Amino acid sequence: MQGSEVHSGHRARMRRKLLSHGAEIFDTYELLEMLLYYAVPARDTNSIAKQLLLGFGSLEGVFSASIGELMSIDGVGERCAKLITELGATYPLLCSAREEKNAVFDSYSGVGDYLVRYFDENDERGVVMLLLDDNMRVLDIAAPEVASYGSGAVHSSFFIDAAMRCGATLAVVGFTHRGNIPLPYESELVTGRMVRDELAEVGVTVLEQFAIGGGEFSGTTLSSRLKKPPSNEVRRFLSGRGGEAL
Amino acid sequence: MIPGITVKTDLSVSFGSGARDGAGMLALLLRHAGITDPETAARRLIYRYGSMLGVLSLDRRELSRLLGESAAMFVVLYAALQSRRITDGYKLGKVHTDEETVEFVRASFLGRAKETVELISFGADGRTIGIDRIGEGTINSSDVYPRRIVECAVARGADSVILTHNHPGGSSHPSNDDIVATAKLFATCRVAGIMLHRHIIVAGGDYFIMQPDPVSGEVVLVGRLRKEGKNGDDR
Numbered sequence: 069m070q071g072s073e074v075h076s077g078h079r080a081r082m083r084r085k086l087l088s089h090g091a092e093i094f095d096t097y098e099l100l101e102m103l104l105y106y107a108v109p110a111r112d113t114n115s116i117a118k119q120l121l122l123g124f125g126s127l128e129g130v131f132s133a134s135i136g137e138l139m140s141i142d143g144v145g146e147r148c149a150k151l152i153t154e155l156g157a158t159y160p161l162l163c164s165a166r167e168e169k170n171a172v173f174d175s176y177s178g179v180g181d182y183l184v185r186y187f188d189e190n191d192e193r194g195v196v197m198l199l200l201d202d203n204m205r206v207l208d209i210a211a212p213e214v215a216s217y218g219s220g221a222v223h224s225s226f227f228i229d230a231a232m233r234c235g236a237t238l239a240v241v242g243f244t245h246r247g248n249i250p251l252p253y254e255s256e257l258v259t260g261r262m263v264r265d266e267l268a269e270v271g272v273t274v275l276e277q278f279a280i281g282g283g284e285f286s287g288t289t290l291s292s293r294l295k296k297p298p299s300n301e302v303r304r305f306l307s308g309r310g311g312e313a314l
Numbered sequence: 011m012i013p014g015i016t017v018k019t020d021l022s023v024s025f026g027s028g029a030r031d032g033a034g035m036l037a038l039l040l041r042h043a044g045i046t047d048p049e050t051a052a053r054r055l056i057y058r059y060g061s062m063l064g065v066l067s068l069d070r071r072e073l074s075r076l077l078g079e080s081a082a083m084f085v086v087l088y089a090a091l092q093s094r095r096i097t098d099g100y101k102l103g104k105v106h107t108d109e110e111t112v113e114f115v116r117a118s119f120l121g122r123a124k125e126t127v128e129l130i131s132f133g134a135d136g137r138t139i140g141i142d143r144i145g146e147g148t149i150n151s152s153d154v155y156p157r158r159i160v161e162c163a164v165a166r167g168a169d170s171v172i173l174t175h176n177h178p179g180g181s182s183h184p185s186n187d188d189i190v191a192t193a194k195l196f197a198t199c200r201v202a203g204i205m206l207h208r209h210i211i212v213a214g215g216d217y218f219i220m221q222p223d224p225v226s227g228e229v230v231l232v233g234r235l236r237k238e239g240k241n242g243d244d245r
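For the record, the sequence lines run as chains A and B.
Counting along the first sequence from 1, when you hit position 236 you're at 304 in the working numbering, and nothing is skipped either side.
Counting along the second sequence from 1, when you hit position 139 you're at 149 in the working numbering, and nothing is skipped either side.
Hints in this document: simulated from the structure, not taken from any laboratory.
Here the structure is a predicted model, which is why all the values come from computation and not from measurement.
Errors might be hidden in some of the hints.
[Claimed, not checked] Mimicking DSS-like on lysine-lysine, the simulated pairs with C-alpha atoms at most 27 Å apart in a straight line are:
no. : chain 1 : residue 1 : chain 2 : residue 2
1   : B       : K194      : B       : K124
2   : B       : K194      : A       : K85
3   : A       : K150      : A       : K118
4   : A       : K85       : A       : K118
5   : B       : K124      : B       : K101
6   : B       : K101      : A       : K118
7   : A       : K118      : B       : K104
Turn these sequences into a full structure, and let the hints steer you where they fit.
Right under this line is the structure:
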């Protein structure tokens, strides 16, 4: 059997094993060996993977090495070294990535906490609307470019457009009082009633409007004039609050 | 090909800053994986699954269906290797800081499509003496977990333990059921002479710490570790 056929047969078996059983059954050098398939054609990458781990002490050492350092290992060409360094450089970004969309909420305080973190990481934003489906999954995040919720610059049409595009049926609003206590101003309550009523016209229930400030959150729970009685999910969400309506 | 998905023209309306970075990262992966138009494929995947971490957490079969076997394998390998670069450094027999333990826990669940429960055991001197998988499935739906947790801790000779589990595709914030389960597990462990020190929930790149009060057993919602000097815990 030709050498390249041996390698391709081995690689196909490893691929099947990985896709059938997952990565947990493999040692680290085997995972690295398989990654090198994508940059080293028709050659035994098992020994290269072992040399890399031996030479740099650990997988972290391999991913932290420079292109020149990696190419000092026999069998590691420029393409292979670039693959390793580019993948290695993504880890800090991966650590900071959050599940902004697709998060599913099952507690009132979970939503408030989410919004606190959102405004921490998006400090250019003053207002945001989380657009949810009936299962409290975030479908989209609509963030108009307005300075504050009570400024009169908020238009429901922006939120309605975003809600219709993603098919949301529920929504939660968050607005920030940067560094200040999270209690809403009267102008924000007025805006809130307008937004809630206008979204209700298109079948989107605004569950709550949170004021965020000083690392804390506070819900406003405006009096409801919804056309339909709340669903079980809405009722459960509202009942988890514990505070008084303003 | 990603059937049934159309790319929105104004991504800035829908995506937070995290997803914009995620699309770029995912495009980089898909380019190395041999996908022909990695930027478009990445945007479609991010749009459908919400984030880079959402894509990494997909079931392997689903990834194969969407990307083909070769590209799916690359994504699986990427997630596994990023996890291992951290978890390989978390050694048994060593005393680890709170930050190291949290990083280890976050990395452990990277790319996991299923909800799993794990236990880290510590000796009386604070050294890590065991890392065990307790089971799969939601922690508050099984009566088996309390016994398994105590069995594992006793087998390790643990003085204290940290419980961890993930919420794939969900929020790291604990539900009421998570809080109740934590209080019950604390009580069960205490009967066996073991301290349940913390319960850490991981979702995507985020995590949340619950910490039972060692005296009353009341579950305190700590959230994230604060910066050095501000966290009251000195585990």
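Evaluated hints:
1. B:K194 / B:K124: Between K194 of chain B and K124 of chain B the Cα gap is close to 23 Å, so the pair holds against 27 Å.
2. B:K194 / A:K85: 39 Å, violated
3. A:K150 / A:K118: Distance ~18 Å between K150 of chain A and K118 of chain A Cα, so the pair holds.
4. A:K85 / A:K118: Status holds; Cα separation ~20 Å.
5. B:K124 / B:K101: 25 Å, holds
6. B:K101 / A:K118: 20 Å, holds
7. A:K118 / B:K104: 25 Å, holds
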